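Chains as they are written, first to last, in the numbering used here: chain Z, -11 to 330; chain C, 11 to 212; chain F, 50 to 211; chain Y, 6 to 421.
Hints in this document: simulated from the structure, not taken from any laboratory. Incorrect hints may have been included.
[To be verified] A short list of chain C residues far from chain Y (calculated; beta carbon distances all over 12 Å):
hint : residue
1    : 28
2    : 62
3    : 99
4    : 150
[What the hints assert, rightly or not] Okay, the calculated bits of chain Y under chain C, using three or more residues with CB under 8 Å as the criterion:
hint : segment
5    : 62 to 75
6    : 89 to 97
7    : 160 to 166
8    : 175 to 183
Small disclaimer: the values here were computed from a predicted structure and weren't measured. Heads up, the beta-carbon is just placed ideally off N, CA and C, and yes, glycines get one too.
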Amino acid sequence: MSGILDAIIKIITWPPLWQLVVLGLLIPLGVVVFILWFERKTAARVQRRIGPYHVSPKIAGGLQLIADLMRYMFQEVIIPKTVDKFPFIVAPLAALILSIVPVVAIPFTSIEAYFPIDMSYSLIISLALLTLSPLFIILSGWASNNKFSVIGGMREAYLITAYELVAVLAFLSAGAITGSFNLVDIVEAQSGVKWFIILNPLAFAAAFIGVLLSTSGFPFEIAESEHEVVAGAFTEYSGLVYGMNMGAAYLKRMIFSIMIAVVFLGGWQPYTPGEGFIAGYLVPSIVILIKATVLMMIFSFFRAVYGRYRLDQALDIAWKILFPLAVLGFGLGLLEAYLGII
Amino acid sequence: MMIMDGNGNGEGKVYVGNINVSARKARKLLMSDLKLGKLVDWGTAFSLWPIHLTTSCCGCEFAAAWSPRYDNEQHGALPWIGPRQTNLIIIEGTVTKKMACAVRIVWEQMPQPKFAIAMGACALDGGIFYNSYNIVRPWQIVPVDVYIPGCPPRPESVAKSIIMLQKKIREKQVASKFIEEGWRPDKEYVIPKEDLCSWWRG
Amino acid sequence: MSPEELVERIKSLLGEFVKDVKIWKNDYIEVEVDKENIEEVAKRMKEFGFDHVKDLTVVDYMKEGFFRIIYNLGSYDNFELSYYIVGIAYNIPRDKPVTKTLYYTYTSADFQEREAYEAFGIIFEGHPDLRPVLLSPPVAELKPLRKDFVVKEDPEIITKKK
Amino acid sequence: MSGIIRTQGAQVGFNDLKLPGMWSRKIGKDLYEIFIGPQHPGSGHMRIVIRVDGDVIVEADPDMGYVHRTMEKLSEVRTWIKGIPLFERMAIHDACNVTLPYVRAVEKLMDIEAPERAKYLRVLLCEINRIAAFLYGFGIFGVFLGHSTMYMWPFGDREVWVELAEWLTGARLTHSYPVFGGVRRDVPAGFTDALRKAIRYMRKRLEDYRKIFVDNPVIRARLEGVGVIPKNLAIELGITGPNLRASGVKYDVRLNHPYEVYDQLDFEIPVFQEGDAYARVWQRVEEIKQSLNILEQVADWLDKHPRTPILHDKFWKTAPPLYKKIFEETGRAKLGAVYAIMKVPAGKAYERAETARGEISYYVESNGGNKPYRIRIHSASARNALVYKYIVPGHRVMDLPAIYGSIDYFPPEADR
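Using the sequences plus the hints, can you model the full thing?
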């Protein structure tokens, strides 16, 4: 009996699966539910009102998102006659899956037994996987056969070209400092107070704004802007599929936040992974997730204080400010590597 | 054993692999046997998202009802952008003949289960514009669940109407019955769409 | 500038075009002209300083059998003139409601001429975009602001259409 | 400049119109037509049909009338007094300003004038309405730019002014306050103190708005240089209100054709020269400040002067003693039956007033009966609607909400 139980536990805790399902999907989903609630409550706080409340007065309306989820789940899913059915349904699914896949390349600990897929190019692999999901947002806009959706998709396409370069360059500057593309090496190099946010603030700023750009966060909520293109690519989606789309956007932001936490905020530092599953795997991943959640909270606070830029202005910012900033960050990384700060 | 397909005919026959029958069974299982119905009603009641469709001047008080003073978001209602993602339409005052077509099209685009609140005296029976040649009554266009009297109604009464609708959904189990018994057969509209939208282009 | 002075200046400006001038309540001057001269009158008025159309009023005198079209002109730039409204009025027969557009002199009359078109059925010849602006086409066909379109004071009885 | 607008078959050269509008090109087959509205979060109750070439709008066609409730026609079958509640439905959040010229036009025809106290009370409610309407416009503008806080704050602060108006008149929005020959109610006890408190609060809040919205780098980037209406174009199109003054034309009905007691009050007409959306925002902020100044002066006047009748003698002398007693005690002037059977001498009158969105004008014609013969209303928003057709082409799609919000367009007012 105990053998079977052990086997089950072993399968569940098999790092790639554990990483994908628990660290990539379940916990981030919980975080997303919390973040959405937090976003609405902070906005309400800034705006001198209450925000969601009566659904569960005891926990300040914390169940609001569950109620919304229940409604979305059991609402009619309308598939208009004019859409291209297969991509219309598959695109949001693919976007959802692709936005959590990068997590299999991100190590949450320095213990080799708990690496998901051990490779020395994890930084590059995770970055490459992260940049895939926007393609499916364009696809879903295209498949919707709606003018607003097509415009939304095109805006997304413009933004991809703008932010990918910036984000990738900014993240790669960490590789320049450490001389390694292995995320474990990068985290190890940040021991003590040598977090890359301090060593290389330029790259961090570029990465931070790049994430805002890529996940349609304010002030760059352009592709899904309500007031010109009515939620952009998602105009025609209803019910659960729409919920999936929204979830995918937030999950993507969560994974990006995890990346920033690992690359710039010292990963599991200052904690040093110990022996065993709990001390060696669970605690470091919790440290990373907490850092990522704090980042998410900062992102969502922007909604309350900023409007949105125009598309051409956002592209201006990306190409004229962020791109040089990212290049400078990369150069700074090389300089630090040359000086041997690490 | 009587097995019917989704349309209620085909008595006494067993359809193997009939998707309507399976869907019907699954709905029954989820809603009645697993007692998910209550959860669905609860979720729907606290997630009434009205659509951005301002038909007339009651929109001022509609906007005020979501302002910090009255903050209807505390009831879980959040004005949302597109018809596909919402489930509530609040008709704010007079509906002109030109707007009536838009109201009907928006209503048809919303996913079931959906609800309608008619706001203001004009939405009841014309109000101050009762003898105008360019208006229709909202009940002629959409099936209305709750009426709010007043010209314009105060924001408190908008909040009250949302609470009343929540009560109605939870007591009469409107949402779960929609799901269990198939989608609500839409009430017959008083004015057919051809009459409303004969002039519409685009 | 007193209204009488303004009337004198308008009379000397428009010369023989003026058929009749009335001063209503000290600040509204109604100048009656002929339909044929309206374009020339408008040009002169614009040069004089009345730079925009405040509103275009059409009044239906059903018993007398004509529409009275009044371009109420105002001035933004000239402080003295801006106190007054000058209504350039002319009559057109009710059974042949065709007139010339002032769109090319006063761009601000654009939508108002469309409004007069839908509400009274008056055709402004030369207007580049003469479509109903407020009403849907079936309602615009009623020409609702004409006096022979009667709105009942009692509410219409609504019956369920089948 | 040889730009050409092509509209429905006819060609109009810009040179013919002397309009230095933005030059936009139109290429036949590559146009993409977008219908914005009537159900669209960025449209309100109207539809704008835009044709875009790439991301640039080459043609915009406003399709109004979704809230056309035929007020001009209905007024012809109703008695004179019923016109007041009817017309204030045009812009219920600006009710006093909108109905005042109608009341004044009828008073002109009857050759009566309201008592001085009633005039001050009218100015009081007009300015309260004006501030509330500006805040409403700010809120809508904020939400168009995706700035949800700027929707919530002005709407919250607007409640201050709505509550004041409610205290004064008994209704949140539809006050029906000015009636022929005066107003319905005198100020209640303690009103002026509350008013001063509200003025102080509003001055403080304007500073907050500046911090979060007007000086916000994102908002500035969106608004500066967008939707420029040059001075001569603004005059040519007959744009009105703050939009006109933001383009450098010093025209305000309160200054050019003073009504009520505006000629006795001390206030300035702010004017900006830039004519872009950002200037229009500042214009409204400055106008709120001026309105606050006016309100302070009115409050001082009301404090100094004791209660005197607020209805013209023509209506007040026939009032039964009970009515007069009620007025002495509560300050409420009950309207006599004379209003219902009132006849207005034949004639024409033209009256205008400065509402929050600009100039509204009433042409009132009476044939001596108990109903108007013809009332023609041309409201501020109806005049500003030309902006869509002539200013929007040449801008990007994302500029449309910025321009829409900055001209503070209110469809029910435009459609009447």
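Right, here's what the structure says about each hint:
Distance to chain Y confirms residue 28 (chain C) as a non-interface residue, since its nearest Cβ pair spans about 38 Å, more than 12 Å. With a least CB separation of 5 Å from chain Y, residue 62 (chain C) falls inside the 12 Å interface cut-off, contrary to its annotation. With 12 Å as the threshold on Cβ separation, the claim that residue 99 (chain C) sits away from chain Y is violated: the shortest Cβ distance comes to roughly 10 Å. Distance check for residue 150 (chain C) against chain Y: the nearest CB is about 16 Å away, which clears 12 Å, and the non-interface claim stands.
Three residues within the 8 Å Cβ limit are the bar, and the segment 62 to 75 of chain Y against chain C gives 6, so the coverage statement holds. Under a criterion of three residues with beta carbons nearer than 8 Å to beta carbons of chain C, the stated coverage of the segment 89 to 97 of chain Y is upheld, 6 such residues being counted. With a threshold of 8 Å between beta carbons, the proposed coverage of the segment 160 to 166 of chain Y by chain C holds, since 4 of its residues qualify and at least three are required. With a cut-off of 8 Å between beta carbons, the segment 175 to 183 of chain Y has 3 residues touching chain C; three or more are needed, and the interface restraint holds.
The structure does not agree with the numbered hints 2, 3 stated previously, though it agrees with the rest.
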